[in-house]
Amino acid sequence: MNIEKDNQFVIEGKLALPYQYFSGRTGSRFLIRLRDDKKINGLKCNACNKVFVPPRSTCEICGETIQDNWVEVKDTGTVTGFTVVRYSEPHQPVKAPYILALIKLDGADTPFAHIVQGIAIENMKVGLKVKAKFAEKTTSTIMDINCFMPAG
Amino acid sequence: MGHRKKNRNVGIVGIGETKFSSHREDVNQPEMINEAVRDALNDAGLSIDDVECVVHGNMELFEMIHQPDLWHTLGTGAYGKDAYRLTTGGTTGGTLVAAADNLVASGMYDVVLAIGFEKLQEGHTTGGITNMADPLWARKLQSGALTDSAAVKVIAEFGEERAKRAAMTYRIIMDKHACLNPNSHRAFGLDWDQMDDLIKNSPPLIGNLRLIHMCSQSDGACAMIFASEEKAKSITDKPVWVRDHICIHREETLNLCNNYYPNQTTHKFAAEKLYERNGITDPVEYFDVFEMYDPSAWWGMDWIRDFFLLKDDEHIKLIENKDIMIDGKIPINPSGGVIAANPIGATAMVRVAEAAKQIRGNAGPHQIPRQVNHALASSFGGTMWTILFMLEKELNW
Ligand SMILES: [Zn+2]
Chain A
1 MNIEKDNQFV
11 IEGKLALPYQ
21 YFSGRTGSRF
31 LIRLRDDKKI
41 NGLKCNACNK
51 VFVPPRSTCE
61 ICGETIQDNW
71 VEVKDTGTVT
81 GFTVVRYSEP
91 HQPVKAPYIL
101 ALIKLDGADT
111 PFAHIVQGIA
121 IENMKVGLKV
131 KAKFAEKTTS
141 TIMDINCFMP
151 AG
Chain B
1 MGHRKKNRNV
11 GIVGIGETKF
21 SSHREDVNQP
31 EMINEAVRDA
41 LNDAGLSIDD
51 VECVVHGNME
61 LFEMIHQPDL
71 WHTLGTGAYG
81 KDAYRLTTGG
91 TTGGTLVAAA
101 DNLVASGMYD
111 VVLAIGFEKL
121 QEGHTTGGIT
131 NMADPLWARK
141 LQSGALTDSA
151 AVKVIAEFGE
161 ERAKRAAMTY
171 RIIMDKHACL
181 NPNSHRAFGL
191 DWDQMDDLIK
201 NSPPLIGNLR
211 LIHMCSQSDG
221 ACAMIFASEE
231 KAKSITDKPV
241 WVRDHICIHR
251 EETLNLCNNY
261 YPNQTTHKFA
271 AEKLYERNGI
281 TDPVEYFDVF
291 EMYDPSAWWG
301 MDWIRDFFLL
311 KDDEHIKLIE
321 NKDIMIDGKI
331 PINPSGGVIA
341 ANPIGATAMV
351 RVAEAAKQIR
361 GNAGPHQIPR
371 QVNHALASSF
381 GGTMWTILFM
391 LEKELNW
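Protein chains in written order, with this note's numbering: chain A, 1 to 152; chain B, 1 to 397.
It is possible that some hints are incorrect.
What the hints assert, rightly or not - Cut-off 25 Å, straight-line C-alpha distance, at most; resulting in silico cross-link-like pairs (BS3-like, lysine-lysine): (1) A/LYS14 - A/LYS50; (2) A/LYS5 - A/LYS133; (3) B/LYS238 - B/LYS140; (4) A/LYS104 - A/LYS133; (5) A/LYS14 - B/LYS140; (6) A/LYS50 - B/LYS140.
Since the hints were derived computationally from the structure, they do not count as laboratory data.
Computed from a predicted model, the values in this text were never measured in an experiment.
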């Protein structure tokens with residue numbers, strides 16, 4: 001028996017990691033507005049004039065509390081970066097392959113991540129103008145925006 | 001022991017705490033942390049621009065979220081600054097303080113912000129804890145954080161009646177303190193006439209450890225700002241000096257299975273070394289307050305002996321005579337201690353924060369009603385990881 005190569009035991013492990021995440025006042029308000037009014041809201045820092053979407057209670061650059069400075073942004077925007085997901089996993093919202101993009105909405109200063117559909121992968125490009133397509137049935141999550149589609 | 005004299009003195013100049021509670025649905029993690037950070041900055045009269053380095057920590061896996069320090073930047077104020085993340089189990093909050101102390105003492109930074117937090121309601125503590133042990137040798141045999149080992153030990157030594165009454169006396173004292181502290185998560189208003197009922201009827205958890213003895217699972221954050229002597233004096237007229245800290249840890253099973261090390265707790269070992277190198281011969285006499293990381297009443301009562309290097313039943317007598325009450329000879333946990341609130345990654349830092357507030361004299365309703373010059377604070381985590389801090393009002397040692 002070659003102890004260097006043979007008879008080496010391996011312990012199989014598996015973690016079950018149940019958890020909750022409290023979205024808080026700010027996160028919940030964003031989702032409620034999305035769910036009930038189909039509007040996308042951001043929070044504006046009055047010190048640096050940046051509009052954050054998704055919203056955050058504090059501007060981490062200025063240290064300002066901004067949780068009450070709600071502003072509405074457009075449901076149209078520009079793709080600032082993207083990748084193509086080419087494998088399927090149970091947690092994914094749609095079947096692979098799909099495009100996951102960073103989208104800077106008109107009126108916002110920060111991009112947020114969402115799915116882009118309605119365009120062939122080979123035609124996808126940074127700078128593409130897109131428009132939100134809202135879900136028919138609400139789930140009270142970010143998936144109340146079903147996806148973004150090429151605008152116009 | 002690789003300890004050298006500090007390169008320069010370090011003062012605590014800002015302290016912030018959230019209220020501790022079972023749930024914080026109204027804020028997400030960075031928002032909750034930001035409450036403590038803001039509180040500490042206001043306390044110090046500083047802005048986040050004055051902070052050079054941020055040290056952040058909590059229990060690994062307890063919120064089941066990976067690298068929370070990255071997106072917590074929204075609340076920590078670490079944007080554009082040097083930052084570190086530390087996690088040493090229950091001791092984390094103490095390790096954060098020790099690291100901040102060292103980072104300032106070394107001369108690397110003049111002003112360091114340390115932040116400990118936990119949002120236990122969001123996670124699954126046993127899920128995290130059971131992954132602590134060696135997967136090959138110990139994980140299948142691993143239990144959670146509940147144990148009655150201290151109860152077994154104390155009962156064997158002092159008899160069931162006396163041990164149980166002393167543990168419950170300790171518990172009621174802690175609750176009386178917790179009732180004074182507005183940040184307490186649990187403050188029941190227990191009184192002495194409930195002693196017999198609680199000893200008999202509090203729901204049992206394991207062996208002689210009952211629900212009433214045990215700490216809670218809490219949500220909350222603590223933030224502390226440390227500054228070099230020169231800076232500290234310019235920031236506040238009430239800096240609290242970190243005279244010394246000692247960190248002792250041990251892999252417990254080496255001791256249990258092989259009798260490999262002498263049978264001595266990391267608490268006692270830490271206390272002996274710390275007092276020896278600081279010339280403290282009678283700690284009960286020297287210190288004016290002790291904020292102890294006491295996960296349960298049984299542990300708390302047992303550990304007094306280790307931390308104060310007491311003999312025989314001296315620690316039991318301190319409890320029985322109520323010497324550890326807020327107006328007693330040596331107040332222990334005027335904050336109510338860990339049984340009153342346990343946001344784990346913050347818990348050990350809260351001990352240092354509360355001890356420092358006692359020295360400043362502005363702890364609030366749970367301020368000790370006499371001058372506090374010398375404070376001791378302890379950290380504890382599993383399996384045995386102790387940090388002991390000595391805080392001073394004056395720079396005269
Ligand atoms: Zn700003």
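Hint by hint, which ones does this structure get wrong, listed from lowest number up?
Numbers 1, 2, 3 and 6 - these are the hints that the structure violates, sorted from lowest upward.
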